[in-house]
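Asker: Given the structure of chain P, go ahead and fit chain S onto it with the hints provided.
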Amino acid sequence: MPSFDGKKAAELHRHLHSHLPSDPALRVKALESLLVEKGLTTSETIDSWVEAYSDEIGPKRGAKIVARAWVDDGFRDRLLANATEAITEFGFEGRATAHLKAVANTVDTHNLIVCTLCSCYPFSILGVAPNWYKTAAYRSRAVRDPRGVLAEFGVDIAPDTKVNVWDSTAELRYMVVPERPKGTDGWTEEELAAIVTRNSMIGTERDLGTGGDS
Amino acid sequence: MDSVHDLGGKQGFGPIDVNEPDEPFHAEWEGRAWGITCSTRAPNVPIDWWRFVRENSVPTDYLSRPYFDSWIETDMITMIEAGVCTIDELATGKSATEPLASAKPMTTEECVNLTKSAFRRFDVEVSSSPTFSVGDAVVANLTATSGHTRLPAYVRGKPGIIHSHHGAHFFPDDCAKGKERAEHLYTVAFASKDLWPEASESPDMVYLDLWESYLGER
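Taken in sequence, the protein lines are chains P and S. Going by the numbering used here, the residue at position 102 of the first sequence is 102; the numbering climbs one at a time, nothing skipped. If you want the numbering used here, it's the position in the second sequence, counting the first as 1, plus 214.
Isolated chain P, as found in the complex (with noise of 0.2 Å):
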């Protein structure tokens, strides 16, 4: 059973500290060979969870979302009042998506995604949170100079450009949806959803590129 004791999970930390090795990788590897001992999962199931979210459970899912959302306004209409009923419509729904909400960029408009708390992210929608959101100079500076972070990942926001940032500090999941670029009329949904990146959907990406002179 938990103790729900914070002082209790402070000493055992420290313990942690202590009596491990300093390298994570070591860590790691000593970890899975007494889970494994144990009989408490396999190899062969961490090369699965690895496989999962390297291929099928990623950033893919998410621009195949957005790229929808550009070729069908009833479905950007249903994505953006209820995300976590319209994502059922790919399958994706699933770990941290029962409470997604889609914000979308528009002319004057710009959203950016953080958890300053923890590092919350939608998994099932764009798999595992890239190392950078999980930092601490990305979840302090996120909230205070949006602009200086935006600025550090290429993207200039004009000054009568409002800047809408989510912190994530409740079981809501956030994703962005960004504006379709000039250029891509009649594209298929399947060409669209090439050119989303997971950036665009965190909020770190602006102008998506069509793939020709960016």
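I should point out that these hints are in silico values taken from the structure, not numbers from a laboratory. Where a beta carbon is used, it is the ideal one built from N, C-alpha and C, also for glycine. There's no promise every hint is true.
Straight-line Cα separation of at most 25 Å, BS3-like style, residue types lysine-lysine; simulated pairs [to be verified]:
(1) S:K318 to P:K29
(2) P:K162 to P:K182
(3) S:K308 to P:K29
Output of the computed footprint for chain P on chain S, the stretches with three or more beta carbons under 8 Å from beta carbons of chain P [what the hints assert, rightly or not]:
(4) 226-238
(5) 299-308
Taking beta-carbon pairs under 7 Å as the criterion, some of the chain P residues facing chain S (in silico) [to be verified]:
(6) H13
(7) H17
(8) L20
(9) L34
(10) E37
(11) E44
(12) I46
(13) A98
(14) G127
(15) A136
(16) S140
(17) V165
(18) L172
Answerer: Leaving out everything else, chain S in the frame of chain P:
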């Protein structure tokens, strides 16, 4: 808890590695850590207690260790408390007991399906009516519990506007203590100019999802 995890608005943290490769795992151990955390969790660990365990990390470790590493250490503590393993076993990687189970290998497809079935709602029906309505002027509490809370320091005492209401969601401050209770949850809009002295001319907004007892009328 006012620990180093509450990072919003803290200053002095350096540039972001914007050129990080796109691959989800940058070292083999990161993938192994992810697979372990997906496949092996101690039983009956509420997410809010798990987060509170992580917030109780050695502060310098919290800020300096890679995220997957910190995540795994939190899993280890929940496993120790559940009696799954000991610190000595974690240090050696050798089990001192007979096997506790006989897990079968899972395929990638099974992992994908399990991710889908991990869908879990956090909202519940409650008999109370919400105190606030969309558009109401509110102020976030000036203080918070020394236990787990999801009221970040940077909005405490600051004025905001109710942007939307989400029904009642499990209340993390209580769930982290093993007491399951729900409260009305709102998205609250804060103007950057009300949060940061250097943002007095800014049109920007910061939205947080906050529970009813974190808020007062204004």
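Asker: Regarding the pair K308 (chain S) and K29 (chain P), is the alpha-carbon distance no greater than 25 Å?
Answerer: holds (11 Å)
Asker: Would the hint on A136 (chain P) be counted as holding, given a Cβ-Cβ threshold of 7 Å to chain S?
Answerer: holds (5 Å)
Asker: Answer holds if the nearest beta-carbon of chain S is closer than 7 Å to that of V165 (chain P); otherwise answer violated.
Answerer: holds (5 Å)
Asker: Under the criterion of a CB-CB separation shorter than 7 Å, is G127 (chain P) in contact with chain S as hinted?
Answerer: holds (6 Å)
Asker: Report holds or violated for the interface hint on E37 (chain P), using the least CB-CB distance to chain S and a cut-off of 7 Å.
Answerer: Holds, about 4 Å.
Asker: Quick one, is the A98 (chain P) hint okay against chain S at 7 Å, beta carbons?
Answerer: This interface hint holds because 5 Å falls under the 7 Å limit.
Asker: Given that the segment 299-308 of chain S was listed as covered by chain P, double-check it with a C-beta distance under 8 Å for 3 or more residues.
Answerer: holds (count 9)
Asker: Restraint: H13 (chain P) near chain S, CB-CB cut 7 Å. Satisfied or not?
Answerer: With a closest approach of 5 Å, the H13 (chain P) hint holds.
Asker: Below or equal to 25 Å on CA atoms is what counts here, so check K162 (chain P) against K182 (chain P).
Answerer: holds (21 Å)
Asker: Tell me if S140 (chain P) is really an interface residue toward chain S, meaning its C-beta lies closer than 7 Å to one of theirs.
Answerer: holds (4 Å)
Asker: Taking the closest Cβ pair, is L20 (chain P) under 7 Å from chain S?
Answerer: Holds - the Cβ of L20 (chain P) comes within 7 Å of chain S, reaching about 6 Å at its closest.
Asker: Regarding the hint that E44 (chain P) lies at the interface with chain S, is the smallest CB-CB distance below 7 Å?
Answerer: holds (4 Å)
Going down the numbered hints, you'll see the structure goes against none, and every one checks out.
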